[in-house]
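Chemist: Knowing the structure of chain Y, use the given hints to seat chain G with the ligands on it.
2 protein chains.
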Amino acid sequence: MHKLLLSASVGVFALLSFGAAHADELLTLQKDAKQWALPTGDYANLRYSTLKQINTENVGKLAPAWTFSTGVLRGHEGAPLVIGSVMYLHTPFPNIVYALDLNDNGKILWKYEPKQDPSVVPVMCCDTVNRGLAYGDGKIFLAQADTTLVALDAKTGKLVWSVKNGDPAKGQTSTAAPHVFKDKVLVGIAGGEFGVRGHITAYDIKDGKQVWRGYSMGPDADTLIDPDKTTHLGKPVGKDSGINTWEGDQWQTGGGTTWGWYSYDPELNLIYYGSGNPSTWNPKQRPGDNRWSMTLWARDLDTGKAKWVYQLTPHDEWDYDAINEVILADQKIGGADRKTAVHFDRNGFAYTLDRTNGELLVAEKYDPAVNWATKVDMDKASPTYGRPQVVAKYSTDKNGEDTNTQGVCPAALGSKDEQPASFNPETGLFYVPTNHVCMDYEPFRVSYTAGQPYVGATLEMFPAGRVLGDKTDNTGNFIAWDARTGKIVWSDKEQFSVWSGTVTTAGGLAFYGTLEGYLKAVDLKTGKELYKFKTPSGIIGNVMTYEHGGKQYVAVLSGVGGWAGIGLAAGLAKSNEGLGAVGNYASLANYTALGGVLTVFALP
Amino acid sequence: MHKLLLSASVGVFALLSFGAAHADELLTLQKDAKQWALPTGDYANLRYSTLKQINTENVGKLAPAWTFSTGVLRGHEGAPLVIGSVMYLHTPFPNIVYALDLNDNGKILWKYEPKQDPSVVPVMCCDTVNRGLAYGDGKIFLAQADTTLVALDAKTGKLVWSVKNGDPAKGQTSTAAPHVFKDKVLVGIAGGEFGVRGHITAYDIKDGKQVWRGYSMGPDADTLIDPDKTTHLGKPVGKDSGINTWEGDQWQTGGGTTWGWYSYDPELNLIYYGSGNPSTWNPKQRPGDNRWSMTLWARDLDTGKAKWVYQLTPHDEWDYDAINEVILADQKIGGADRKTAVHFDRNGFAYTLDRTNGELLVAEKYDPAVNWATKVDMDKASPTYGRPQVVAKYSTDKNGEDTNTQGVCPAALGSKDEQPASFNPETGLFYVPTNHVCMDYEPFRVSYTAGQPYVGATLEMFPAGRVLGDKTDNTGNFIAWDARTGKIVWSDKEQFSVWSGTVTTAGGLAFYGTLEGYLKAVDLKTGKELYKFKTPSGIIGNVMTYEHGGKQYVAVLSGVGGWAGIGLAAGLAKSNEGLGAVGNYASLANYTALGGVLTVFALP
Ligand SMILES: O=C(O)c1cc(C(=O)O)c2c(n1)C(=O)C(=O)c1cc(C(=O)O)[nH]c1-2
Ligand SMILES: O=C(O)c1cc(C(=O)O)c2c(n1)C(=O)C(=O)c1cc(C(=O)O)[nH]c1-2
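For the protein sequence lines, the chains are Y and G, in the order given. For the first sequence, our numbering assigns the number 1 to the initial residue and increments by one for each residue that follows. For the second sequence, our numbering assigns the number 1 to the initial residue and increments by one for each residue that follows.
Careful: at least some of the hints might be erroneous.
Pairs involving identical chains hold if they fit within one copy or between any two copies, as the list cannot separate such chains.
[What the hints assert, rightly or not] The calculated lysine-lysine pairs, modelled on DSSO-like cross-linking and capped at a C-alpha distance of 27 Å, are:
| # | residue 1 | residue 2 |
| --- | --- | --- |
| 1 | K532 | K34 |
| 2 | K493 | K528 |
| 3 | K332 | K235 |
| 4 | K574 | K158 |
| 5 | K111 | K61 |
| 6 | K574 | K115 |
| 7 | K107 | K239 |
| 8 | K182 | K574 |
| 9 | K107 | K493 |
| 10 | K107 | K528 |
| 11 | K206 | K61 |
Just so you know, the hints here were simulated from the structure itself, not pulled from any lab data.
Chain Y with its partners taken away, still in its complex shape (with noise of 0.2 Å):
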């Protein structure tokens, strides 16, 4: 009798979410803890579950419960979805996407294969990544390298539609997962480094019609910004702001582009994201602001017009794209209930901003060792408030060109890169993967050409000790953040860079992997490690959780690539190729190899 009741009450369940599906089927789905339906967790970014049967008292005895090779070799980003019983995984170019059932053992219901010219490879500038699946309206969507983004039947795998969202001709590509709100899939595009003008599209999720795209760069009708009404730091930004710090026609093959996480707040309706370095590398080359390159993005989902901006990083000197995820997480700040942003920049600093407006609340600099500016100036009233404060010493455009400005901290891949952090609300705490990495930056005179690579620097990275001079050679740390004081809570050294997504849950656990392949469990209270295990490869997708038939599980894809990750996965030896990583990651090698496997583990 009990039964039946429950199961009466799970029928109704079922209807009201299906009655709700038109309204926002994705904040029902997100609300239950047992399924990932949507690549970032949530709208929010939290990145935090609900889940707590796997907890600090028993992680020890966590296991590999199951495990599937994705049948490709590099990079692995991102994470699987899993929607009821079904687990949705992808994998690098060729981006092959699996329907895997988790009632009948994992076996594969259907497979997606995109035939995709390979000519993409070489305009992809970072590994052959992919960061995952998006789901709605029981479709499965994917951004294909080649920048077509795929809606799938849920069900079946077939093609429902499909649309070009840019031209891998002209060096654009995809990387970012497309993200599901409401009613619309939106996507970004890739290409900082060939010169693409980063944008936004807004598609629709019943038959892939464009509803918007807002421009990074360019006249306000591509920008979608509204010269009186978008704000930069509490003030109207005025007429044409994408285009009058840019000289000449240069805001053309700008950069900005925008392949990192974008979250979403439903009730003020504003999607957030950040766009990425302006193009080319070398400062000389384009004065001004470059507006909005490295700017963090405030955008109504509907229309798509700007609400507000804020660009942490003016004149890129060093590569600190802005893209790195915005996590909406209410905190109390002095004493104030505050609708927050946090976002852990490439440019070593932690930001808290109050999203409904982008007032700048905290902007700390996360890793000690950053050193290319003081500080941002919180002096409203200064002509240089919300700015970084350069040290000459470190700016490159000043050094200029063919000259070497050495030992700038953080180095171009940031203090932190794409790979998502995760806010618990129990500890009030932020769980940052962080890069503990510096660098030698030589800006070189570069010329455009459509689809050739428009770089114009040589790097060279090398573990943070080098520059602080104290004997340390880790290049990661996973750290604990508190984004109201901007501090530090704890620190775990790691001894590479971690370029793996988190996740914590309310068992107290913040998990994470690392670039040899370990998975890692640490008690988020101290970050004591209360679990390891080595997957087949390293790490660089993000840990998900989710609980099937009683059981919670925690999952996450090895595979090594990606930038940290590039010598590895596409064979390259000298210190200063792959932009200028593969040196400083060489010791990779002692350690893993190529691979692209889900590994999931269970309580035994």
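Modeler: Below, chain G with the ligands without anything else, positioned relative to chain Y:
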């Protein structure tokens, strides 16, 4: 004091074993169950371990302890070696070798990656497999796909010597593991589908100088057969027996390759192995018994001289290569202690012979589906003594060219292929991974061109149930076999052919892998499944076990491929592609994708 004594005695032991190295270092090593020093476990190919920390009581608690991606996809056959605290691991083409430090979480001590001309790949008949490494005299031996045998310093991975054993331009390749017996390295040759005349070659372990080479066919000087002393079923074979059952020069492109496992009896100083199919697969084109294809061989280790031969399938009409391992088990038969050699042939008969003289003791079907022959004639007085009694209906020769002979059991890939069985001295039984597959076979005329396929038959394979009419559709069984009586003791159905090698332990367990990717442990006595785990990809590797730091480990390579998995491995789709195997295993794609991962299991 106790400890001191212990380490002193270990020291003495070490000295003794070093002292014995010149005599036979490997004989000592293989008796230490902690190590796995031979690709076959021991000289006798028992694949038996005295380790019993993992046993029938606790095996249900087994879990992966660590994993390692090899960085290569496609079929992963063979098993790693463990010598001391180092694990040596190989991959399919391009045949990378890793030395992993078991004292340091599997850290890569060295990596050897040969540069091979990839044009060897199209002349490999049945995937890019490699069956493993051998160890001896401080060196690791690898037989590269391109037939280069290399000796690597086991400590550094540096090349010590190398020698070319064949020529891929003529269709000659290497897939078998090298075998070190005492002071010699033995290697075979593959290419029976390219008209390669098979041979086995012994090289000096010190410097790679060729000591002897014995061909499968040709004049006595080539076959190392003594017309008066070498016997076949007790009788001298007579002059040029490797020529006179062939028409004209056909023996020169006659096949009989040697790509399987070899065993060695140090007391008799005899090595044992089988030769493969006669070329072409069209029997009409090569009248005669085609000696010594499809033959078990006993040769003197030092001279290569053949002591005895036994042709299992004279004048093959079905591709029943005799290359499967010869297991040297001592058994009591009819009250007498016999030094037996047990062989599960592709043709579906399991043979028990006296290995001292080649006397045939038992020959029985180990899959009831076998229908191409009624039995092996066991009447010593009969003119057909020792010959299988072929059923006319299934004779592809009698039915002739361009006629499709239907429903032959087993299929060309045999009731068992290269996947090695094991012998457990406690139960006195053999544990055999088997295929349960039949075929249609249509021979056609073909002409020989060096380096080109010389197959001459179109095949299509399907589950044996279709011929038996018993409504089953499984294509595999894992069986326990009594070689004294020639009877199946128990048989576990498997959905797919069991293409993985097995190991049994003093813990009462048999381990094997499945094509979908499960590592399984079953009770030796009953066949009851006690544990299974889904590894990343389909398993065609051989399970092995070792002990390190007081803990027993079980390890297996996953990575689907081989002949059964050729559809997945080579991306073939038509059912009669892959020499007829593709259709029969097409549904494998519902369970697994390509991979290449070592999974190492232990108790928690
Ligand atoms: O400017 C761009 O368009 C662009 C694209 C990508 C990408 O698509 O992966 C990366 C970067 N930049 C980049 O700067 C960067 O650090 C980076 C790291 C990674 C990665 O996956 O590990 N991709 C990218
Ligand atoms: O005749 C030959 O030389 C030859 C070679 C090989 C090989 O080298 O793998 C196989 C076969 N034949 C063969 O008949 C066969 O069934 C087979 C299976 C496999 C495998 O690895 O799964 N190899 C081979």
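Chemist: Hints first: check each against the structure and report whether it holds.
Modeler: Hints versus structure:
{"no.": "1", "hint": "K532 <-> K34", "verdict": "both (23 Å within a copy, 25 Å between copies)"}
{"no.": "2", "hint": "K493 <-> K528", "verdict": "within (11 Å within a copy, 47 Å between copies)"}
{"no.": "3", "hint": "K332 <-> K235", "verdict": "within (25 Å within a copy, 96 Å between copies)"}
{"no.": "4", "hint": "K574 <-> K158", "verdict": "between (44 Å within a copy, 22 Å between copies)"}
{"no.": "5", "hint": "K111 <-> K61", "verdict": "neither (33 Å within a copy, 33 Å between copies)"}
{"no.": "6", "hint": "K574 <-> K115", "verdict": "between (32 Å within a copy, 19 Å between copies)"}
{"no.": "7", "hint": "K107 <-> K239", "verdict": "neither (56 Å within a copy, 58 Å between copies)"}
{"no.": "8", "hint": "K182 <-> K574", "verdict": "neither (46 Å within a copy, 43 Å between copies)"}
{"no.": "9", "hint": "K107 <-> K493", "verdict": "between (39 Å within a copy, 19 Å between copies)"}
{"no.": "10", "hint": "K107 <-> K528", "verdict": "between (36 Å within a copy, 23 Å between copies)"}
{"no.": "11", "hint": "K206 <-> K61", "verdict": "neither (45 Å within a copy, 48 Å between copies)"}
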